[in-house]
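Enquirer: Once you have looked at the hints, place chains Y, S and U on chain R.
Spelled out, the chains give:
4 protein chains.
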Amino acid sequence: MNYHDYKSCIDACLRCAALCDHCASSCLQEENLENMKRCIQLDMECATLCYAAARLMSIGSEQAGALCRLCAEMCERCSEECGKHAHEHCKECSEACKTCAEHCRKMAA
Amino acid sequence: MNYHDYKSCIDACLRCAALCDHCASSCLQEENLENMKRCIQLDMECATLCYAAARLMSIGSEQAGALCRLCAEMCERCSEECGKHAHEHCKECSEACKTCAEHCRKMAA
Amino acid sequence: MNYHDYKSCIDACLRCAALCDHCASSCLQEENLENMKRCIQLDMECATLCYAAARLMSIGSEQAGALCRLCAEMCERCSEECGKHAHEHCKECSEACKTCAEHCRKMAA
Amino acid sequence: MNYHDYKSCIDACLRCAALCDHCASSCLQEENLENMKRCIQLDMECATLCYAAARLMSIGSEQAGALCRLCAEMCERCSEECGKHAHEHCKECSEACKTCAEHCRKMAA
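Chains as they are written, first to last, in this note's numbering: chain R, 696 to 804; chain Y, 696 to 804; chain S, 696 to 804; chain U, 696 to 804.
Same shape as in the complex, but just chain R (with noise of 0.2 Å):
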């Protein structure tokens, strides 16, 4: 299993990823700040994850599944708390968490 057999997880990670690192920036310029923290903060901890779990699925690790279901975890809680704003930031991001969730937990089983 490699790169190409993951394709789709890893393009859906990656966009997740960006968006995510997007987001938390974006999150910094609102006026609405107090109520963005929690959003600013798990979109630091999905890139995180999102980029991880990238890089094993391109290089054909046999734990890519394992930390793609934690990835899918994560992702889910990301899309809901930033599925809570009308940001256009915010709202792209939920549906990339939610997308990548989707390809994450289908890679995991």
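If you are wondering where the hints come from, they were derived from the structure by calculation, not from laboratory data.
These stretches of chain U come out as covered by chain S in the derived footprint (C-beta under 8 Å, 3 or more residues):
| id | region |
| --- | --- |
| 1 | 717-731 |
| 2 | 750-763 |
Calculated pairs, PhoX-like style, for lysine-lysine (alpha carbon to alpha carbon, straight line, at most 20 Å):
| id | chain 1 | residue 1 | chain 2 | residue 2 |
| --- | --- | --- | --- | --- |
| 3 | S | LYS732 | Y | LYS732 |
| 4 | S | LYS786 | U | LYS702 |
| 5 | R | LYS702 | Y | LYS786 |
| 6 | R | LYS732 | U | LYS732 |
| 7 | S | LYS702 | U | LYS786 |
| 8 | R | LYS786 | Y | LYS702 |
| 9 | S | LYS786 | S | LYS732 |
From chain Y, some residues computed to sit far from chain R (all C-beta separations above 10 Å):
| id | residue |
| --- | --- |
| 10 | LEU728 |
| 11 | ALA761 |
| 12 | LYS779 |
| 13 | LYS793 |
Since the structure is predicted, the reported quantities are computational estimates derived from the model, not experimental observations. All C-beta atoms in this analysis are idealised placements derived from N, C-alpha and C, irrespective of residue type, glycine included.
Expert: Showing chains Y, S and U alone in chain R's frame:
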């Protein structure tokens, strides 16, 4: 400037990084391993810079341009080395590095 | 729980990650390269998980423990493989992986 | 040149990166969150560059010096911003950034 302004360059960096990781681990399985040493080394270096560049762009850092300049140089060297080998993963990686270098050059300008 | 509560485990992860990276690139220079393939592969995997674990602990993620459990398993496998080789970088890396696994096991408990 | 030649600079980068991550998440818990926006942003940027610099040094990349030059600039800006705040995590981070900048300047020279 943020994720959306940089999206094509971020996408090129992420694709390049994942294919560098894939190329490194795939090279380890090749029969002519002695010939692949420099390819593996540059793949590891290039993945590191591409991921860092994607992250600085995603969070809208003022230093993203300077890092993209470095990343472009790395991608050019990695593309050249990978381009010497006939393995499919090397050819894909060489192409992805070349495309990434072009995006990073434009972004840094 | 934050950086200071996890400091000894974070330090062990970061030391292990850096020595895995060092071991991977050093293995590429060894004469018996064919024998070092699995070592290089596991070094790359282990560095990825150790860095991710250190980051989740540093930002106080609720999923840090679960990732440390995975990281411990990876470190044990990498330690065992590195421990088969007499190169100084392999021995250092094997020791660092073993120490990191112990810290991660405790942290995950 | 490899890990051992760069060890003090790698250690400074890794300590700085972990304290930047810690500072970012700790800032999110502070009462005066509006004042901490730039600190959180620079912490995220600085952690990214410090981790990348540590990795390029650990694998002995020829581009490690150029990245350390960028990293030093980033650390100086992050140190200055963190130094404006009285929170313990900001003071620790500011000191770690300053030390890291010094090591990276020397390494890049």
